[in-house]
Amino acid sequence: MNAPRKAFLAARMAIGDEQLLLLAAILIGVYAGLAVVCFRLAIQWLRLMLLGSSLNPSFPRIAVVPAASGLVIAAFVVLAFPAVRGSGVNQTKAALYIYDGYISFRTVIGKFLTSAVAIGSGQSLGPEDPSLQIGAGLASALGRWLKLPRDQMRYIAPIGAAAGLAAAFNSPITAVLFVIEEVIGRWTAGVLGAVVLSAVASVVTEQWFLGDEPLFRVPPYHLAHGAELLAYAALGLIGGLVSLVFVKSVAALRPRLRALPPWTWYLQPAVAGLFVGFVGLRFPQVMGAGYEFIDQAMHDQYGWRVLLALGVLKVVTTTASFVSGTPGGLFAPTLFIGAMLGGAVCAIERLVAPGITGPIGAYALVGMGTLFAGIIRAPMTSVFMIVEVSGNYSIILPVMISNTIAYLVSRQFQEHALFDVLARQEGTVLPSMEEERESDVETVEDAMRDVTGVTLSGDESLAAGIARAEQVPAAGFFLVDLGAGVWGGLSRSELDHLQAISAHDVLLRTIAAPLALPYLYPDQSTVTALRVLHGRPFIPVVHRADRTRLEGMLALEDVLRAMARAERIK
Amino acid sequence: MLPLSFSTALGRRRTILALAIVGTIPAFGVTQSLVHRSRDRRQQLAVDWARQGQRDLAAARAAEAAEDFRTAQEYARDRGEYRLQLAQSLIAANRFVEAQSQLLTLWTQAPGDGVVNRELGRIAARDDDVANALRYYHGAIDGAWPGSAAAERRQTRTELAQFLLQRGDTTQANAELIALVGELPPDPAAMTDAAALLLKVDNRAQAMALLQKALDLDRQNVRALRLAGEASFSAGDYRAARGDLEAASGASPLDAKGQQMLDLSTRVLALDPFARRITSRERLRRVVRAYAVARGELARCPAGSRESLQAQMDALQPKVAERTLARDPDLVDQAIALVTAVETASSASCGPPQGDALALQLVLRQPRSAS
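Read top to bottom, the protein sequences are chains A and B. Be aware that the first sequence starts at 1, since it is given in my numbering, and climbs by one per residue. Be aware that the second sequence starts at 1001, since it is given in my numbering, and climbs by one per residue.
Just so you know, these hints were derived from the structure itself, not from any lab. Predicted model, so just to flag it, every value in this text is computed and none were measured. Possibly wrong hints are sitting among the right ones.
[What the hints assert, rightly or not] To give an idea of the interface, some chain A residues facing chain B are shown, with a C-beta separation under 8 Å as derived from the structure:
| hint | residue |
| --- | --- |
| 1 | Leu20 |
| 2 | Val37 |
| 3 | Cys38 |
| 4 | Gly52 |
| 5 | Ser53 |
| 6 | Leu55 |
| 7 | Gln207 |
| 8 | Glu213 |
| 9 | Arg256 |
| 10 | His299 |
| 11 | Asp300 |
[Stated by the list, open to error] Far from chain B, by Cβ distances over 10 Å, these chain A residues were calculated:
| hint | residue |
| --- | --- |
| 12 | Asp100 |
| 13 | Leu192 |
| 14 | Phe275 |
| 15 | Phe413 |
| 16 | Leu498 |
| 17 | Thr548 |
| 18 | Gly552 |
[Stated by the list, open to error] Okay, the calculated bits of chain B under chain A, using three or more residues with CB under 8 Å as the criterion:
| hint | segment |
| --- | --- |
| 19 | 1029-1042 |
| 20 | 1101-1115 |
| 21 | 1287-1295 |
All C-beta atoms in this analysis are idealised placements derived from N, C-alpha and C, irrespective of residue type, glycine included.
Construct all of the structure, not just a fragment, from the sequences and the given hints.
Written out as structure tokens, the structure is:
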């Protein structure tokens, strides 16, 4: 091949970094989808092997399997895969903010194996968080092989996490929202495209093999009566309080168990398994992820006492499994607890006010979102997750009410969200997306100064302008209205200089026009203002609907003063 | 952003991308194989648990059957038949709320499924939820059925009519039955069933027409004969009633009610002085007999309530003879008027009549034309 032709082909076939990231995102989605399918198959296979095919396993299996599996899991975790203990969400965040996108492939394998054994043997944990981490780990590996640039490599783990979570939940919107809301923290166009592509590719792959069966078969929903919303509000309150109990239990027990002598780490999952098995003798529903029993709760298969007992016992068993260091996620248990509490609220309401009570499936569904909002503290995800898994838009009203109340209750009495608590316990300081979301943004309006007396007309002569400027001796800078929303600026020293060298009847317009200034709007952030202020003493602040209307003016020291004031308040 | 150089990074990336893309083929193959095995295993488990459920259901262990079908359904979530069987075993275990919830889920997936709609209709009917019963029963009637759809639809409409009858909504029940008549096959048993319901909503004309059709197809249809006899009896057509009931009794012994109707029909036909196509002499003989029956009935009444009528009867008694009545037609009218007055009085205060007295009551209460 001759050189020009080779160069021509090279130019045609060259892939830019952005296109490469998008292509990689699709591949990550496909591989994450395949991995999650295999992960689910592994859990199902282990469940059948270890606990049998009945939904109510026999006594010997329940008594022995979780505890014995706990010993095996502990040996794997302590000796071979120490990194699998933590939360997949936090490890993905750590890859993003600390390790430049690095997640060890060994962790992926370890998470796959140990989580599958844990969930398959009945430990009260779910497969979503491991799926998320498996996706993130695969993405990290592919990114390393592709030698992606550092800025893209950082984001590769969240892209994989979205793919893993989307396949686990069979719901791409939830996964994208969760990763944006809880891991990345901002809507960056380039990354968003890759996150969406990977999530969609993984769901398509997963559905290719497992079909498009929704996670839950939800009975038809309708709001039986307006007053029913009060029951949903009560569910929000109860969900918020239960979330608090759960998060505080995990936060209190986890470091204590971790502080015990290292030899106990080999026994902790087994003890947790023994406890889960003990509870499972009477309530086998609390074992494993429990999706089949969520389905049953949605179909009115339990009375309120059983629902309440299952909700409470799942809090206890999940706490035991998780704090013992057994790998596995909290998403499915969170949904389980929520479904049971929601069902219990509905069943009790039905006893008290049968005429205004809607179907139990709706309460169970809203309960899931409520606990998700209370425990995971991702309010947007919690709302859209319920809409997506139910395929029912009309349920959004009770979901919003209940989730908001649970979220507020949880925030009121628990300073940090669960994942932030876990990260702090692991000694990693990761940015809290919740705190970032809620940090006050200083605006130009907070910092700008009054413009009374410091505006000059472009149609005034230099002499008139100087005369007006002398009336405000404290002012050092004057804005000149050049008409049509254009503003120029002259400092007092410039005016003094012009007085010496220019004709006094010259119009200010002619002098200030070349010095036309950019402008800011009152609602813009002080960070934006800093960028615009670069090298300029003052900037006019104008009304958004009418640029001729001056709202104020801003100098660098105004911005710094406002920022310092905000920091003091914080 | 600059394109990557052809020789180094781009070359390596392209190779890895190509490998990753090609690698999806074996990865898909392996996963497909695992999924296939897992699916087969789960399908087999579903079948096994469903069989166990059917065995439990056959042995009247409905609660255990429900658990079996629940497990089967878990292993084949996309198979609605297990959820339906679960719902049916829950119904058999009298756990209607749970069954309804399962059925509603099936309904959202297949709102036109006849079986699901009928089960939901039955639960709504049991709960006396008229709106939903109508909705789901009609959904079943218009829905899709496996196998003999026409028979299932007729059965469903019949159930709906029975539900409406129980609620006393005869108008709506009649409308359903009229629709049912149009769907009936040439089957005497089905026609007789429908006719029985039509009689309950007082649609005698259509009931009789249907029974006649049934009898045209099968002259020995005892039930049709009995129903036709009863219907004729209720309508005061004692001749037809006696004919049908006698034919029915000839094929199979009548029950007590049927036998009583036959007996009464025979008595009415023998006692009725207003009957057509009888001789004058026979008519007078029947007037005399009716008078005697009325006298006997009056004697049954308690003292204090009969004196006036008794006196009138005693006064007229010597004149009530065939020969006397034949000479004086006004006497016939007097005698009949007095018999009617006695019947009215005795039915009000002397307890229910029996035998000829009851037959006389039926005769006197029959509507007659002015002629």
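Evaluation of the provided hints:
1. Leu20: holds (6 Å)
2. Val37: Holds: closest Cβ of chain B sits about 6 Å from valine 37 of chain A, inside 8 Å.
3. Cys38: holds (6 Å)
4. Gly52: Because about 10 Å separates glycine 52 of chain A from the closest Cβ in chain B, which is outside the 8 Å limit, the hint is violated.
5. Ser53: Given a least distance of 5 Å, the restraint on serine 53 of chain A holds.
6. Leu55: holds (5 Å)
7. Gln207: violated (12 Å)
8. Glu213: It holds, given that the least Cβ distance between glutamate 213 of chain A and chain B is near 6 Å, below 8 Å.
9. Arg256: With a minimum Cβ separation of about 37 Å from chain B (threshold 8 Å), the hint on arginine 256 of chain A is violated.
10. His299: Nearest chain B Cβ about 4 Å off; hint holds.
11. Asp300: With Cβ-Cβ at 4 Å, under 8 Å, it holds.
12. Asp100: Aspartate 100 of chain A is indeed farther than 10 Å from all Cβ atoms of chain B, at 17 Å.
13. Leu192: holds (18 Å)
14. Phe275: Holds, because the least Cβ-Cβ distance between phenylalanine 275 of chain A and chain B comes to about 25 Å, which exceeds 10 Å.
15. Phe413: Non-interface label stands for phenylalanine 413 of chain A: nearest chain B Cβ at 35 Å, farther than 10 Å.
16. Leu498: Per Cβ check, leucine 498 of chain A is outside 10 Å of chain B; nearest 46 Å; holds.
17. Thr548: holds (40 Å)
18. Gly552: holds (39 Å)
19. 1029-1042: Since 7 is at least three, the answer is holds.
20. 1101-1115: holds (count 7)
21. 1287-1295: Violated, because only 0 residues of the segment 1287-1295 of chain B bring their Cβ atoms closer than 8 Å to Cβ atoms of chain A.
Figure legend: structure checked against the earlier numbered hints; hints not met, in rising order: 4, 7, 9 and 21.
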